[in-house]
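K.L.:
Now for the letters of each chain:
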Amino acid sequence: MKVTHLSLTDFRNYQHAEVEFAAGPNLFVGSNGQGKTNLVESLVYLSTSGSHRTPVDTAMIRQDVGAAVIRCRVESEGRSVLLELQLNRSSANKAMLNRSASKPRELVRYLSTVLFAPEDLALVRGEPAVRRRFLDTVLIQRAPRLAGVLADYDRVLRQRNTLLKSARASGVRGSALSTLDVWDERLVALGSEIIDERSALIADLVDPVRDAYRAVAGGDHGPRLVPLLTVDGAQPDDDDASDVRAEAASGSTRDRFASAIAGLRSRELDRGVTLVGPHRDDVRFELNGLPAKGYASHGESWSFALALRLASAQLLRERSTTGDPVLILDDVFAELDQARRARLAASVQGYEQVLVTAAVFEDVPAALRTHTVRISAGTVVSQGDESQEWAPDEIVPSDVGASDE
Amino acid sequence: MYEGVVQDLIDELGRLPGVGPKSAQRIAFYILQTETYDPSHLADVLTTVRDKVRFCEICGNVTEQTTCSICRDPRRDQTLICVVEEAKDVVAIERTREFRGLYHVLGGAISPIQGVGPDQLRIRQLMTRLADATVSEIIIATNPNVEGEATAAYLSRLLQAMEVRVTRLASGLPVGGDLEYADEVTLGRAFEGRRLVG
Numbered sequence: 001m002k003v004t005h006l007s008l009t010d011f012r013n014y015q016h017a018e019v020e021f022a023a024g025p026n027l028f029v030g031s032n033g034q035g036k037t038n039l040v041e042s043l044v045y046l047s048t049s050g051s052h053r054t055p056v057d058t059a060m061i062r063q064d065v066g067a068a069v070i071r072c073r074v075e076s077e078g079r080s081v082l083l084e085l086q087l088n089r090s091s092a093n094k095a096m097l098n099r100s101a102s103k104p105r106e107l108v109r110y111l112s113t114v115l116f117a118p119e120d121l122a123l124v125r126g127e128p129a130v131r132r133r134f135l136d137t138v139l140i141q142r143a144p145r146l147a148g149v150l151a152d153y154d155r156v157l158r159q160r161n162t163l164l165k166s167a168r169a170s171g172v173r174g175s176a177l178s179t180l181d182v183w184d185e186r187l188v189a190l191g192s193e194i195i196d197e198r199s200a201l202i203a204d205l206v207d208p209v210r211d212a213y214r215a216v217a218g219g220d221h222g223p224r225l226v227p228l229l230t231v232d233g234a235q236p237d238d239d240d241a242s243d244v245r246a247e248a249a250s251g252s253t254r255d256r257f258a259s260a261i262a263g264l265r266s267r268e269l270d271r272g273v274t275l276v277g278p279h280r281d282d283v284r285f286e287l288n289g290l291p292a293k294g295y296a297s298h299g300e301s302w303s304f305a306l307a308l309r310l311a312s313a314q315l316l317r318e319r320s321t322t323g324d325p326v327l328i329l330d331d332v333f334a335e336l337d338q339a340r341r342a343r344l345a346a347s348v349q350g351y352e353q354v355l356v357t358a359a360v361f362e363d364v365p366a367a368l369r370t371h372t373v374r375i376s377a378g379t380v381v382s383q384g385d386e387s388q389e390w391a392p393d394e395i396v397p398s399d400v401g402a403s404d405e
Numbered sequence: 001m002y003e004g005v006v007q008d009l010i011d012e013l014g015r016l017p018g019v020g021p022k023s024a025q026r027i028a029f030y031i032l033q034t035e036t037y038d039p040s041h042l043a044d045v046l047t048t049v050r051d052k053v054r055f056c057e058i059c060g061n062v063t064e065q066t067t068c069s070i071c072r073d074p075r076r077d078q079t080l081i082c083v084v085e086e087a088k089d090v091v092a093i094e095r096t097r098e099f100r101g102l103y104h105v106l107g108g109a110i111s112p113i114q115g116v117g118p119d120q121l122r123i124r125q126l127m128t129r130l131a132d133a134t135v136s137e138i139i140i141a142t143n144p145n146v147e148g149e150a151t152a153a154y155l156s157r158l159l160q161a162m163e164v165r166v167t168r169l170a171s172g173l174p175v176g177g178d179l180e181y182a183d184e185v186t187l188g189r190a191f192e193g194r195r196l197v198g
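Protein chains in written order, with the numbering used here: chain P, 1 to 405; chain H, 1 to 198.
Isolated chain P (complex conformation) (with noise of 0.2 angstroms):
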């Protein structure tokens, strides 16, 4: 799929402005607070009906203005549908498909990006939490039913630790706990199924992660990803309850997942918080046979990084049936050496369209260069391809650039 034309109101630094795209790559260049990272964020909002840079809707509309407007077409094989959406300040967001009314959440399913962006190096460095994020933000793309599990079992978690610490502070373990069967049920249910989704994921992603980290790092530093699952014992660094590990069993999730959980139940009850389960997992990232975290060099972290992003473009590209995603790489010139730059746009180079923003032009390598939009303080100056004259004072027409399908 690709975005023909992009159109935003009120949005962040945006007053107006109209921006045309081309299939293949698009650059959009501008000193830094331009602008660049704000217009590719409404994309990623419409995709994921949620912003990479901040929880609070009301922070991507313009000052002092009561709404932000993000209006975008999407082709995909050959048809064209148009995605509006309105970020309102004292009301509820409001969606538009096809110029009839619909629901915030129905865009993603006409839209889909992949998302580079310099803080993915907390992919490979930062706490389990990201890694868990960027894992299920695949299963929701790949699935968007488990947006519904995963949302239960958050819910169930928070009844179910609300019911421990209540046990806890009243002392009582006898009859207020006569529901905690029946929590345990639904937790090892719906946690089950999250842990078993996550799994067969990260196995997916296995082959494609090591073709994308040696096509990007130029080098095979044998990268792999291991499960770091509670339920089996595992204890992920951001624990902190470390002393506490479930004991290793056999058998089917549910089965360890129950097991995991009837063993701890009295540790539980001294904490008030569930201790096992996949919202305490973990996925180690290791390189010739060390974990990445610690050990790799920034470089082979970026590597890694880049390529958990390109594997798990790779998978969607898989199982689309609206062709490829969307690829935005937010920023990510600047942090690359030379080489690694290189071979990054020759990675992202088969897909329908791949947009690219930049605070210097020449970081960012001439295949990537055929289309570029220069922004300035929340406008666009200027559109068209390379040899464009860059001048601030002239709006050129939109000129679709050439492309590199």
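In short, the hints are calculated from the structure, not lab data. Take the hints with a grain of salt, since some may be wrong.
As the list claims (entries may be wrong) - Restraint ranges, calculated between C-beta atoms of paired labels, are given here:
1. Q63/P <-> Q33/H: 48 to 56 angstroms
2. G263/P <-> A133/H: 35 to 43 angstroms
3. S80/P <-> Y37/H: 50 to 58 angstroms
4. G108/H <-> S80/P: 42 to 50 angstroms
5. G263/P <-> L169/H: 30 to 38 angstroms
Unchecked claim - Listed below are the simulated DSBU-like cross-link pairs for lysine-lysine, each with C-alpha atoms no more than 35 angstroms apart in a straight line:
6. K52/H <-> K94/P
7. K22/H <-> K52/H
8. K22/H <-> K94/P
9. K103/P <-> K22/H
10. K88/H <-> K103/P
11. K165/P <-> K88/H
12. K22/H <-> K88/H
As the list claims (entries may be wrong) - On the chain P side, residues computed to face chain H include the following (Cβ under 8 angstroms):
13. P144
14. D152
15. V156
16. S166
17. S170
18. T179
Even glycine gets a Cβ: it sits at the ideal position worked out from N, Cα and C.
Following the hints, position chain H against chain P.
P.N.:
Frame of chain P, contents of chain H only:
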């Protein structure tokens, strides 16, 4: 802010569920300005509703007598009890005209976050209704969300020991709709609950 009693009226209306500040203001000015509207009738109903309406001693449904009209009706099938969360669920199921049995209103669902456990629900009353063995089937019709499912699971565990059939309402596709408009979660559930044809 308006002066005195006008603001009091707006505030009071705004405390009702589903009424925001703007709606409250609109209703308040309708009452003030519409000459043909007599608010005394509403005032009467509001003062009597709390006094008159009570909860059915058997099923917990709302009624003006000690038992509700459904429990009093001898034509209803006394062997079936449909367990629901709220009285408004009774109305919803009655609209179908499919169910001819009796009801039991729990008064909510198990939710530790809201401080609701089995003791806060009318579960003990349900167990007493089962004592004389006339009831042969319990249909659990709690909401298909996390709390409703937990309540259903709790009840089914509790009822396991009794000589009674326990069933749960199916969840699946809305009738008359197109498959393509169903959301993924509903469609996924419908897949899980698929059944053999013929």
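K.L.:
Is K103/P close enough to K22/H, meaning Cα to Cα at most 35 angstroms?
P.N.:
holds (24 angstroms)
K.L.:
Minimum Cβ distance from S170/P to chain H below 8 angstroms?
P.N.:
Hint on S170/P: violated, closest Cβ of chain H at ~11 angstroms, above 8 angstroms.
K.L.:
Does K103/P lie within 35 angstroms of K88/H when you go C-alpha to C-alpha?
P.N.:
Cα-Cα ~27 angstroms, so holds.
K.L.:
Given a hinted range of 35 to 43 angstroms, is it respected by the beta-carbon distance of G263/P and A133/H?
P.N.:
Cβ of G263/P to Cβ of A133/H: about 40 angstroms, so the range 35 to 43 angstroms holds.
K.L.:
Against the range 48 to 56 angstroms, how does the distance between the Cβ atoms of Q63/P and Q33/H compare: consistent or not?
P.N.:
Taking Cβ atoms as reference, Q63/P and Q33/H lie about 38 angstroms apart, which means the hint is violated.
K.L.:
Falls inside 42 to 50 angstroms, the C-beta gap from G108/H to S80/P?
P.N.:
holds (48 angstroms)
K.L.:
Would the hint linking K165/P and K88/H be met if the CA-CA limit is 35 angstroms?
P.N.:
Holds, at about 32 angstroms.
K.L.:
Would the hint linking K22/H and K52/H be met if the CA-CA limit is 35 angstroms?
P.N.:
holds (32 angstroms)
K.L.:
CA of K22/H to CA of K88/H, is that 35 angstroms or under?
P.N.:
holds (27 angstroms)
K.L.:
Next item in the hint list is S166/P. Is there a CB on chain H closer than 8 angstroms to its CB?
P.N.:
Holds - the Cβ of S166/P comes within 8 angstroms of chain H, reaching about 6 angstroms at its closest.
K.L.:
Indicate whether the distance between the beta carbons of G263/P and L169/H respects the range 30 to 38 angstroms.
P.N.:
Holds: the Cβ-Cβ distance is about 35 angstroms, inside 30 to 38 angstroms.
K.L.:
Hint D152/P vs chain H: min CB-CB distance below 8 angstroms?
P.N.:
holds (5 angstroms)
Of the hints listed earlier, those the structure fails to meet are numbers 1, 6 and 17, in rising order.
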